[in-house]
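Q: Sequence:
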Amino acid sequence: MADSGDEYDEDDVVAPGRGGKSMASRPKERGQARWEESVNRNWELQEAPDGSIEGVLGGLEEADKRKRLLKDTTPLQRGIIRHTLLVLDLSTAMNEKDLRPTRHLLTINYTIMFVREFFEQNPISQLGILGMREGLAIRVSDMSGNPNDHINALKQLRGTEPKGNPSLQNALDMARAALYHTPSHGTREVVIILGALLTSDPGDIHSTIKACIKDRIRVRIIGLAAQMHICAEICRKTNNNSSDYYNVAVDEVDYRQQLMEITTPPVLRATDEAAQKASQAALLMMGFPSRMKMEEKPTLCACHGELTRGGYLCSRCKAKVCGLPATCPGCDLTLILSTHLARSYHHLFPLQNWAEVSWDRARKKGSVQCFGCLSPFPAIPAPHETANGAEHDQANAKTKRAEGASESSRYECETCHNHFCIDCDVFCHEVVHNCPGCQSSAHLPGVEKQSNGA
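Number 312 in full-length UniProt numbering belongs to position 312 of the sequence shown; there are no gaps in the numbering.
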């Protein structure tokens, strides 16, 4: 009989019915989980060849900035007219403090930021907000194209206390009812932020999933606790068996990043005949109303029934609306400005990723400052210094700069071949969506003549 004071060894455990094979003989290799891959091992930072860690830290910072930029920029057909419902978890699970100050307050703050960014990137889209609490689905704000309506409704949620359990089935049923009358030329999307590890449903949620598939509703879920099988099944079945629409946030930064990724319009995929017919190119009637002069006396607007001074007149029925974009309450005409279409254009033809510039390329180009902000670049070292640095990097791979960061802190547009800093790279790809070098030389007088003469 073995001594009870001996330490436990899993090699001594024999699996029954396995012919004497030990538990330790089973394969233990597995892929890393998401929370394991995101660990930052700051203690493994190594010194640069000059004895400092400034260059290494700078490379990590640049790589972190460019991580969200290095994405597929292939021009694809996207649904720039979106009808999206945001579903918030208002159950007791949102009182947890693993996300500071609490899940509930952080979600409200991030959602307000999301609403502003959503309408900045999708000015001709519609958004609505629902909530889940005490096993029911509640309406926070109606489907609207005015971000102020949603922001005011979200601010009122700060004073409410999360209660009860969420119900995914009730939330999806209410979302289906809200999206039922939306036009076929726009997308139908449901974004759920779920903090609980359960769903209190009154019936069969699988029948609701089938109804969402029939109505061509796409569901995306962001979890705050752990993965749930039913959430993965909902996202997979409503997104053509893709598993990219269900993720769990590991921290506040990852939570905000996943939420902001939703502002990009989804790619349109036609997998059956019904979807192909629905996604065929067709003309869509829109109106470009004229702005009214400031009135001496306030008049009622047709959209809210409130007294306002000024506004816009519908180009068809001359009804007054107080803001754009909007749908005319009188004739159901979509009213927008030309700038709204221009701001949606970059999703169809995104700005290409800029290439990392090596020291040899920087020496050949001779760039000393950023083309956009004119900030000075790091001095270009002599050829023998870069050669010594390359040998040192081969000897010690940990001293290499992080993936995605340029060794010369320069990034080149492959169209105009101008060099930019990392801050201009982020600004051009996330805000203006245009290259300053390409835009400045596109319509200069005499440029075409000089190029032809050369």
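These are computed hints drawn from the structure, not numbers from a lab.
Worth double-checking, as some hints may not be accurate.
[What the hints assert, rightly or not] BS3-like, lysine-lysine: derived pairs with alpha carbons at most 27 angstroms apart: (1) Lys155 - Lys97; (2) Lys237 - Lys210; (3) Lys293 - Lys318; (4) Lys163 - Lys97; (5) Lys318 - Lys297; (6) Lys237 - Lys214.
[Claimed, not checked] With beta-carbon atoms standing in for the labels, derived distance ranges: (7) His181 - Ser207: 16 to 24 angstroms; (8) Lys318 - Ser242: 25 to 33 angstroms; (9) Phe427 - Lys297: 26 to 34 angstroms; (10) Asp254 - Ala342: 27 to 35 angstroms; (11) His433 - Pro183: 25 to 33 angstroms; (12) His346 - Val253: 23 to 31 angstroms; (13) Asp254 - Thr299: 32 to 40 angstroms; (14) Thr299 - Ser242: 47 to 55 angstroms; (15) Ser338 - Gln369: 43 to 51 angstroms; (16) Leu268 - Ala211: 47 to 55 angstroms; (17) Thr339 - Asp423: 20 to 28 angstroms.
By construction, the Cβ of each residue, glycine as well, lies at the ideal position given by its N, Cα and C atoms.
Q: Are the hints correct? Go through all of them and say.
A: Tested hints:
The straight-line distance between the Cα atoms of Lys155 and Lys97 is roughly 20 angstroms, inside the 27 angstroms bound, and the hint therefore holds. Among the hinted pairs, Lys237 with Lys210 is consistent with the structure: their alpha-carbon atoms are about 8 angstroms apart, no more than 27 angstroms. The suggested pairing of Lys293 with Lys318 holds, with an alpha-carbon distance near 14 angstroms, which does not exceed 27 angstroms. Note on Lys163 and Lys97: the hinted pairing holds, with a Cα-Cα distance of about 15 angstroms set against a maximum of 27 angstroms.
With a C-alpha separation of about 18 angstroms, the suggested pair Lys318 and Lys297 falls inside the 27 angstroms cut-off, and the hint holds. Between Lys237 and Lys214, the direct Cα distance comes to roughly 11 angstroms. Compliance with the 27 angstroms bound is thereby established for this hinted pair. The hinted window of 16 to 24 angstroms between His181 and Ser207 holds, with their beta carbons roughly 22 angstroms apart. Range check, Lys318 to Ser242: Cβ separation about 46 angstroms, and the 25 to 33 angstroms hint is violated.
Between Phe427 and Lys297 the beta carbons are some 44 angstroms apart, a value that contradicts the proposed interval 26 to 34 angstroms. One distance hint, 27 to 35 angstroms for the beta-carbon pair Asp254 and Ala342, holds here, with the actual separation near 32 angstroms. His433 and Pro183 have their C-beta atoms about 26 angstroms apart, which keeps the hinted 25 to 33 angstroms range intact. Separation of His346 from Val253 is about 25 angstroms and conforms to the stated range, judged on CB atoms against 23 to 31 angstroms.
Between Asp254 and Thr299 the beta carbons are some 48 angstroms apart, a value that contradicts the proposed interval 32 to 40 angstroms. Distance hint check: the CB atoms of Thr299 and Ser242 are about 50 angstroms apart, consistent with the given range 47 to 55 angstroms. Restraint check, Ser338 to Gln369: a C-beta distance of roughly 35 angstroms breaks the suggested window 43 to 51 angstroms. At about 21 angstroms, the beta-carbon gap between Leu268 and Ala211 misses the expected band of 47 to 55 angstroms.
Restraint check, Thr339 to Asp423: a C-beta distance of roughly 26 angstroms satisfies the suggested window 20 to 28 angstroms.
Violated hints, in rising order: 8, 9, 13, 15 and 16; the structure is consistent with all others.
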